[in-house]
Each structure stands twice: as structure tokens, then as C-alpha cells.
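Peer 1: Given chain A, put chain B in place with the hints provided.
There are 2 protein chains.
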Amino acid sequence: MTTVVKPSARERLLEAAATLTYRDGVGIGVEALCKAAGVSKRSMYQLFASKDELLAASLGERASAFAAGFLPGADDGRSPRERILHVFDQLEDQAGAPDFQGCRYLAAQIELKDQSHPASQVAHRVKEKLTAFFRAEAERGGARHPDLLARQLSLVFDGASARAGIGADKLTGLVMPTVTTLLEAAGMH
Amino acid sequence: MTTVVKPSARERLLEAAATLTYRDGVGIGVEALCKAAGVSKRSMYQLFASKDELLAASLGERASAFAAGFLPGADDGRSPRERILHVFDQLEDQAGAPDFQGCRYLAAQIELKDQSHPASQVAHRVKEKLTAFFRAEAERGGARHPDLLARQLSLVFDGASARAGIGADKLTGLVMPTVTTLLEAAGMH
Chain A
14 MTTVVKPSAR
24 ERLLEAAATL
34 TYRDGVGIGV
44 EALCKAAGVS
54 KRSMYQLFAS
64 KDELLAASLG
74 ERASAFAAGF
84 LPGADDGRSP
94 RERILHVFDQ
104 LEDQAGAPDF
114 QGCRYLAAQI
124 ELKDQSHPAS
134 QVAHRVKEKL
144 TAFFRAEAER
154 GGARHPDLLA
164 RQLSLVFDGA
174 SARAGIGADK
184 LTGLVMPTVT
194 TLLEAAGMH
Chain B
14 MTTVVKPSAR
24 ERLLEAAATL
34 TYRDGVGIGV
44 EALCKAAGVS
54 KRSMYQLFAS
64 KDELLAASLG
74 ERASAFAAGF
84 LPGADDGRSP
94 RERILHVFDQ
104 LEDQAGAPDF
114 QGCRYLAAQI
124 ELKDQSHPAS
134 QVAHRVKEKL
144 TAFFRAEAER
154 GGARHPDLLA
164 RQLSLVFDGA
174 SARAGIGADK
184 LTGLVMPTVT
194 TLLEAAGMH
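From first to last, the protein sequence lines are chains A and B. For the first sequence, the residue numbers in the working numbering are 14 to 202. For the second sequence, the residue numbers in the working numbering are 14 to 202.
Derived from the structure by calculation, the hints contain no laboratory data. Please note that the accuracy of each hint is not assured.
[What the hints assert, rightly or not] Partial list, computed: chain B residues near chain A (C-beta under 7 Å): (1) Gln122; (2) Gln128; (3) Gly180.
[What the hints assert, rightly or not] Computed footprint of chain B on chain A, listed as stretches where at least three residues anywhere in the stretch have a Cβ under 8 Å from a Cβ of chain B: (4) 117-124; (5) 179-189.
Keep in mind the model is a prediction, meaning the values are calculated, not measured. Virtual Cβ for every residue (Gly too), placed ideally from N, Cα, C.
Bound-form chain A, shown alone (with noise of 0.2 Å):
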């Protein structure tokens, strides 16, 4: 006997603040939302306090979909080198797909320009652990400069999906090319 559980009115929300933000911008409307998600607009302010915290809490709950998509496993036996690699072979991977409009994290934070909104820190939380993740790994790799290479390749990722999402380039034959002359240079071969 299967039970399907129906989601949530907040799952619901959530799930449509994730995919209206990611397609039309911060700047979507609660009216929309809350059609999108078949939840009235008094039951959207009884689970959230405003639209900044719905926005805020559907940028979080993506959190793990996005290291799962982005990050290796722990101690997944590859070399720091591999794994750094790994990242930029899922993001050249993702980018491929019609429907890529860049990271979701950055864009945020570009249409909301401000960082003391809810929404800008949870996405600024987000990718700090992204350039947590390339620091540690630089720094278990014997990279000359850790520091310096994790803000290099946490660069190289948000231009290359932002240019990518806005479609001035693809990424075939140019991001791996980046990464490993940079990880050369730091020493990781």
C-alpha cells in the first residue's frame, strides 16, 4: 500500500518561491507565489512573516540540493585536485541544461543589493561554504596560496555561471582550462 503524502501548504511555497525566483527574479509578486502554490495569500503570512523570509527560507531549504549537485562525497577516496575538478565538471554540466539561468545564489544577491536582507545572508552563507569546501581542499592539496585559490576558483564559479546563465558563453573548453591552469600555479598537479 503506497500513502502519497500531498505537500505541505509551506512545501508548496517554498517550492514555488525557488522556481518563480530562479525564472523571474527576486521581484516576483506574493500574488503570484501564492497562486503558484495553490495557498491563500492569510495562510502564506501565517507561515511566513513577510515575502524576505519566504524568500529567505526557500533559498535555504535549496542549500542541500546544492552541495549535493556541486560538492564530491566526503572522503570519496579522489585526490583534493580530483575533487575541486569535480566541482567545475557538475557546474559545466548543469549549465548545459535550456533551462540554466546561473547560480541561483548569486542572482539572488545581485537583485536584492542588499546584504543585510534575509535572503542575501542565507545566500551569502551558502557560498561561503562553497569557498570553504575549494579551502580546505587547497589546503589538503599543498597549495602554495589556500586562501588565494579558494577566492580564485569561488570566482571562476560565479563568473562562469553567470556568464553562462545570461548566455555571453558557453563553458565547454574554457572553465576546466581556468581551474587547472590556476591549480597549476598553486602547486596542485
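Peer 2: Relative to the frame of chain A, chain B by itself:
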């Protein structure tokens, strides 16, 4: 005798659109734009077919300031390598300003999420000229793969300005080592 020429309604609208979209995003309303410009909505629609057209025109209007702000003068006697570094020197400089929010042309495209939008198309063309500048200097400087280097430098430009714009990083000690590593790897010493 000095004649002070009052800016026209068109000029005031272009200025308001450039300032307000940079500060608040492309979602800024027509009312706010007209109010800031001191122009009636009726007059605005006599000058521009739509808000989209006003946005596109205001981005186009800033294109020469963008080029002047980043590109070196034609034939300034410096080497291609120095001329490329000049761009990133300017970027590092501009990113230090308190109201820096990243590159307006990247932000507009990320926010609009529509490559066929007239303002996206203007923004795309402005940034293509930057890539073309990198491409020409890379070729002149004997880079191994001028196309690749131009794409890498464009990626670094966008990644760096985006990350500085959202306060994820500062560019000091980051953008110059990254660019010089890529130049060295391309054989542009």
C-alpha cells in the same frame, strides 16, 4: 559668459534610469523613474515607447563611460599585457567605491532573465566589446590561444565585479594574481 544648458527631459530620464536601476534593479517602476527625472509619464511615453526601451537606451548611453572607465586609450604606447592589466586595475579601483554594486551590464542581464529583451541585447553588445578588446590585445601580445584568453579574462572581469558588488570578496590581492597567472599561462609575460 557661461550658458548653463538645462538637461532635457530625455537626458533626465536616461540619467534617472541609469542611477535607479543600478541602485535598485531593473524592476524599478515607471512612476519612480518619472518622479526622479521630474518628467510626467505622458512625456516619458512620448520619448520612449516603453520602460524597456528607456532601460535599453540608458544602458546604451552609458556604454562610452563604461569604455572610458575601463579601457586604455588607443595606441597609448603600452604593451598588450599592460593594456589588459589596466582594465583590471580600473576594476579594482572602481570596486573600492562604497556604492559599487558590480557591473551594471552583467546585473541587467541577470535581472532581466530574458536574452531577447532590448536592454539585455544592449548590455550583451557592450560586454562583447570588452571581450573583443581582450581578444585583440591577446592576439597582438602573441597569446597562445587568444580566443581562450579573451574568454577567461571576461569571465574574471564578471566574476570579480559580481563578487565585489555583493560584498562576497574584495578584489585586492585577488584579481591581479588571477589575471597575471592566466596571462603567463598564455605566454604573455
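Peer 1: All hints are to be evaluated individually against the structure, with a verdict given for each.
Peer 2: Okay, the hints, checked on the actual structure:
1. Hint status for Gln122 of chain B relative to chain A: holds, with the closest Cβ pair at about 4 Å, below 7 Å.
2. Evaluation of the Gln128 of chain B hint against chain A yields a held restraint, the C-beta minimum of about 5 Å falling below 7 Å.
3. The closest approach between the C-beta of Gly180 of chain B and any C-beta of chain A is roughly 5 Å, which is under the 7 Å cut-off, so the hint is satisfied.
4. A stretch counts as covered by a chain when three or more of its residues have a beta carbon under 8 Å from one of that chain; for the region 117-124 of chain A and chain B the count is 5, and the coverage holds.
5. With a threshold of 8 Å between beta carbons, the proposed coverage of the region 179-189 of chain A by chain B holds, since 7 of its residues qualify and at least three are required.
Checked against the numbered hints given earlier, the structure satisfies every one of them.
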